[in-house]
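Build out the structure end to end from the sequences listed, making use of the hints.
By this note's numbering, the letter at position 19 of the sequence shown is numbered 19, and the numbering carries on one by one without gaps.
Because the hints were derived from the structure by calculation, they are not lab data. Every clue listed holds true.
Simulated DEER-style distance windows between Cβ atoms:
| # | residue 1 | residue 2 | range |
| --- | --- | --- | --- |
| 1 | Lys94 | His126 | 16 to 26 Å |
| 2 | Lys94 | Asp70 | 27 to 37 Å |
| 3 | Ala148 | Asp112 | 37 to 47 Å |
When the alpha-carbon atoms are kept at most 16 Å apart in a straight line, the in silico EDC-like pairs for lysine to aspartate or glutamate are as follows:
| # | residue 1 | residue 2 |
| --- | --- | --- |
| 4 | Lys78 | Glu147 |
| 5 | Lys121 | Glu98 |
| 6 | Lys94 | Glu118 |
| 7 | Lys92 | Glu118 |
| 8 | Lys136 | Asp3 |
| 9 | Lys60 | Glu90 |
| 10 | Lys92 | Glu62 |
| 11 | Lys121 | Glu96 |
| 12 | Lys138 | Asp149 |
| 13 | Lys79 | Glu150 |
Keep in mind it's a predicted model, so treat the numbers as computed, not measured. By construction, the Cβ of each residue, glycine as well, lies at the ideal position given by its N, Cα and C atoms.
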Amino acid sequence: MQDKKTLDAIKEYLSSHIQFALATNGDDPWIATMYYGIDDKLNIYFLTNPKTIHAQALSKNENVAAVIADSPQNPVSKKIGIQMSGTARELKEKEEIETGFAIWCKVLKVTDPKYSYEGIKSGDFHYRLYQLTPKKIKYYNEEIWDEADEKLIEL
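Structure (structure tokens):
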């Protein structure tokens, strides 16, 4: 079920944050916190070194889960955050890498030219750009819904 009001709230929340935790499962479950940018379709772009545990896991299993939430929330206050599942993959094509870097760099205010398709192809930049495509998103916001009454959006 897609609800425009909920989708708009999800986009606004995702756009107001820059870090997320990504859970992968290669040989074992693993979780890593990274910086991200999003596009209009709610795809999440992130960078990581392909030698990391989570990148190695992605090369074996593209199914992931992720969470975005403010860690300084008061434990007795109304909680707000995003939980999602989907697939993640390393971007390989020039156009998709350029698009992903444009989004990631704009959101994070990164201007260093090594954060680019050319930077990757030069061999001097050891990170790679990945895209998480959400399949299910739960926006929990206890200011709107009671716990367990949150909307689950399937994309």
